[in-house]
Amino acid sequence: MKLKKLAKNVGKFGIACGLTLSAFATYAADTIKVGVLHSLSGTMAISETTLKDTMLMLIEEQNKKGGLLGKKLEPVVVDPESNWPFFAVKTRELLEKEKVAAIFGCWTSVSRKSVLPVVEELNGLLFYPVQYEGEESSRNIFYTGAAPNQQAIPAVDYLMNEMKVQRWVLAGTDYVYPQTTNKILEAYLKSKGVKQEDILINYTPFGHSDWQNIVADIKRFGSTGKKTAVVSTINGDANVPFYRELANQKISAEDIPVVAFSVGEEELSGIDTAPLVGHLAAWNYFMSVEDAANDAFIKTWKSFIKNPNRVTNDPMEAHFIGFNMWVKAVEKAGTTDTDKVIDAIIGVEVPNLTGGVSKMLPNHHITKPVLIGEIQEDGQFLTVWQTEGLVPGDAWSDYLPDSKDLISDWTKPISCGNYNTKTKKCLGTAQ
Amino acid sequence: MSGFLRIQQRLRLFCLLVTSCLLFINSSALQADDLSADQASETREISTQDAFAEKVQAIASASLNARGAAVAALAELNHERSDDVILALQQNNLYADRSTPPRVGIAQADGSFVNAIDGEPMDAADAEGLRRIPINNTQRSQLRSLLAQMNLSDKNPRVREQAVIRMIIDGLDESTLNLLQARQAIEASDRVQNAIKLAFAVHNMNNESPEIRKDAISVLGRSLEPIARNTLTRVAQEDSDKQVREKAEQALASIDSRIGLFRIGENVFFGLSLGSVLLLAAIGLAITFGVMGVINMAHGELMMIGAYTTWVIQQAFPDHIGYSLLMAVPAAFLVSGAIGVLMERGVIQFLYGRPLETLLATFGISLILQQAARTIFSPLNRAVVLPDWMSGSLVINPVFSITYNRLYIFIFGLLVFFALMLILKKTSLGLKVRAVSQNRAMARAVGVRANWVDALTFGLGSGIAGVAGVALSQLTNVGPNLGQAYIIDSFMVVVFGGVGNLWGTLVGAMGLGIFNKFLEPYAGAVMAKVLVLVMLILFIQKRPKGLFPQKGRAAAD
Chain A
1 MKLKKLAKNV
11 GKFGIACGLT
21 LSAFATYAAD
31 TIKVGVLHSL
41 SGTMAISETT
51 LKDTMLMLIE
61 EQNKKGGLLG
71 KKLEPVVVDP
81 ESNWPFFAVK
91 TRELLEKEKV
101 AAIFGCWTSV
111 SRKSVLPVVE
121 ELNGLLFYPV
131 QYEGEESSRN
141 IFYTGAAPNQ
151 QAIPAVDYLM
161 NEMKVQRWVL
171 AGTDYVYPQT
181 TNKILEAYLK
191 SKGVKQEDIL
201 INYTPFGHSD
211 WQNIVADIKR
221 FGSTGKKTAV
231 VSTINGDANV
241 PFYRELANQK
251 ISAEDIPVVA
261 FSVGEEELSG
271 IDTAPLVGHL
281 AAWNYFMSVE
291 DAANDAFIKT
301 WKSFIKNPNR
311 VTNDPMEAHF
321 IGFNMWVKAV
331 EKAGTTDTDK
341 VIDAIIGVEV
351 PNLTGGVSKM
361 LPNHHITKPV
371 LIGEIQEDGQ
381 FLTVWQTEGL
391 VPGDAWSDYL
401 PDSKDLISDW
411 TKPISCGNYN
421 TKTKKCLGTA
431 Q
Chain B
1001 MSGFLRIQQR
1011 LRLFCLLVTS
1021 CLLFINSSAL
1031 QADDLSADQA
1041 SETREISTQD
1051 AFAEKVQAIA
1061 SASLNARGAA
1071 VAALAELNHE
1081 RSDDVILALQ
1091 QNNLYADRST
1101 PPRVGIAQAD
1111 GSFVNAIDGE
1121 PMDAADAEGL
1131 RRIPINNTQR
1141 SQLRSLLAQM
1151 NLSDKNPRVR
1161 EQAVIRMIID
1171 GLDESTLNLL
1181 QARQAIEASD
1191 RVQNAIKLAF
1201 AVHNMNNESP
1211 EIRKDAISVL
1221 GRSLEPIARN
1231 TLTRVAQEDS
1241 DKQVREKAEQ
1251 ALASIDSRIG
1261 LFRIGENVFF
1271 GLSLGSVLLL
1281 AAIGLAITFG
1291 VMGVINMAHG
1301 ELMMIGAYTT
1311 WVIQQAFPDH
1321 IGYSLLMAVP
1331 AAFLVSGAIG
1341 VLMERGVIQF
1351 LYGRPLETLL
1361 ATFGISLILQ
1371 QAARTIFSPL
1381 NRAVVLPDWM
1391 SGSLVINPVF
1401 SITYNRLYIF
1411 IFGLLVFFAL
1421 MLILKKTSLG
1431 LKVRAVSQNR
1441 AMARAVGVRA
1451 NWVDALTFGL
1461 GSGIAGVAGV
1471 ALSQLTNVGP
1481 NLGQAYIIDS
1491 FMVVVFGGVG
1501 NLWGTLVGAM
1511 GLGIFNKFLE
1521 PYAGAVMAKV
1531 LVLVMLILFI
1541 QKRPKGLFPQ
1551 KGRAAAD
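Chains A and B supply the protein sequences, listed in that same order. Just so you know, we're using this note's numbering here: the first sequence kicks off at 1 and counts up by one. Just so you know, we're using this note's numbering here: the second sequence kicks off at 1001 and counts up by one.
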């Protein structure tokens, strides 16, 4: 009993403290806080640190333009240390303690899955900038990276129609993104009449380095006279020994091209690109795209990071688009209130860096162009193909039996992340 | 057949005649006593020169998708410089600027440019603003086919052989067959002769006479080229003659049984290669853990230091990539060894006989070393360049080749192993190491400075870890996490082979490597690793001291 009372008092004291503090804060500096949730240490630091810097740059640029709603933006950077449960803890801290208006962050799907229940519970906003496997839609998350239909499916279309590929190797690292993507691709290929015997699926552990027999298998699989390609969802480090082994076993991009979904400019900047020349990657943005907005972005980035050799990449563009969309939506709503911003942001259009205008869709995905590029010796991409116009992101794949009837629409009257168009029912709790 | 050959010979004679005529015209033009011929050839030269210039410029100004057609047009022109331009384009040496008509240059090895159209050197002002003309895969394979005919007279028989195979894959017609026939008459290399025979056999599969088809099948049946197998598969299914189909099936079966044998050979090599990596990673640990009994969790980081040493040496001598690797071996040994001695003197010597504390302390050291690498070299991986002699593969036949880097690392692993053996068995340090590890008190009693020997032994084990790092830098990423990937495997090998027994480490590493590689095709890379671990646990339950347990007094603990 006594304890309860004590707790109550402490609680009151806490609230009082918090109130005075926050009042003090608003009085001292009238700012809007923006959370930046990217790992600055651990295995993901390589990729995510760049995104943290991108956010700091975007916020600085916005403040130079006079901030937002007459207030300055204030970045709150936290480090979830590449530790998935810690992402949830840090999100809670950002929303409860720092009261940020929006969070920009996460890289791996598992970190997003860890943050999802927290942003939903505390009604926060998360902008997620990386390509992912789809099959998810949350009212509180905006997916500015590519859904499978904005990266994987067009890449396969390109190989099938332009390169006349008939046999397929789906190689990936053993975790959720490659497995789901490969499931979608397998279903898609079969729907296009590709036979089971012409599809080879292979999974390897994180950081796999001994590719000898897998590459030998690919070589054998590709020696039947039918044009063969590898669709690679191999993640991170493992790519370097993979491409090296391909080159050592004399498999060139003309014989068996590899199209990768996780190899971008940033990944190429640290490695010897000679064995990779001619292999492909599918993204929604390449640094080499010739466009005035892109040139300006690259220039700003290089001067912000004070290194003329740094490169830009696809997730950076996704943050650029996501941040600008959020800014526009807040201006439109006249407030940073989560519910009002969620309503206001649907339909918001901002220019992307490849010469088009991306739009936020009711399913919280955006429209993006899809580009296929060939790796060049300087670590840049040569765009060899791109979609006519922009492709709208699709949360639920049309090629999986479980999700083909589902759509996501967060506008009234549906307001649901997984609405079944057949049964006209909302399945509830997005997962 | 003989009639065909005779026509061939006549054709060749005719060709010779035409060429000599052309030569004559050229030489007479030089002599300038036949004015009319001179003028005629000059005007013709100018017009082809113009057409050539136009075609070369078209390649430069064409859009990426139209470039293929422009290249084909240039090849058709058959100008004497066409091949040079096409070769330059294929090797990414063709440059152009954005003016109209564009200036086109070919980059030379020394960084200067020559004009693609007339072959004259370009001065620096002309070469300014030139950008590389990009090509994509479709064009690369188109160029490869165009160059195949050119490569038929390459100096290297391997290139000639590949050119013939390429011509078969692209489909043979009368003109390519004539080229091959001409080559066959003067070809000295057996490999190329066989490839040409294969080409005629593939071509003869379309012959009307079943007898000729059957003869062709016996040629195809002796080849391991994928194209031979694919042709046979098609014939076995589609041929109109039953006997031919049966013969094709027999040939297929014999090819498949040979391929099966080579696949086993390939798997053994893959296993030995993985084994040699495991051996290199474990052998240093076999000293520190096996002989000294120190559970060194920072062993992987010592390998990482060796790998970074390789990178630093490559950075220091960017012009001698080939030798830098050889220099890196002693350097990595010294750097990692020195850090090992420091670790032993600074921390581990106070913890002998307390395995748990040693484990925790060395784990802490491993974290410190990792973070140090992040701070010094950044968290990004560093690109260690593969020297030329380490890349590529030794092609034994079309279905069996051995990559050089794996082969050298296998040899290197064995060398390190036997060198270490020699040190332990034949040197005075080795004698003292064995003495101290068997009975510390008695060794001290006879005058061995046990502390000093401990430090040197630990340094030796660490140095070997550094040397392993040099080898790993050629196979995997050089980054702060390199060590973590190998520490489990190293312990696995040492425990499996029998603690304290170097031969056990060798057999254990090779055994685990081969076992893993034979499982992988059936279970997949992920499951294979799991299965290996499970088997190892079961094995250790049965034989806790590993494959080759130490016997006698050495084992008394």
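The set of hints was computed from the structure by calculation and includes no laboratory data. Positions of the beta carbon are idealized from the N, C-alpha and C atoms, including for glycine. Treat each hint with caution, since some may be false.
Simulated restraints, written as ranges between beta carbons of each label pair [as the list claims (entries may be wrong)]:
id : chain 1 : residue 1 : chain 2 : residue 2 : range
1  : A       : G389      : B       : Q1371     : 45 to 53 Å
2  : B       : I1212     : A       : E197      : 31 to 39 Å
3  : A       : N161      : B       : D1097     : 32 to 40 Å
4  : B       : I1537     : A       : T423      : 32 to 40 Å
5  : A       : K424      : B       : I1537     : 49 to 57 Å
6  : A       : K404      : B       : I1537     : 37 to 45 Å
7  : B       : Q1484     : A       : N161      : 41 to 49 Å
8  : A       : T411      : B       : I1537     : 51 to 59 Å
9  : B       : F1539     : A       : C426      : 33 to 41 Å
10 : A       : K306      : B       : Q1315     : 36 to 44 Å
11 : A       : T411      : B       : A1372     : 47 to 55 Å
Worksheet item: Broken hints, numbered, in rising order?
Response: 4, 9, 10
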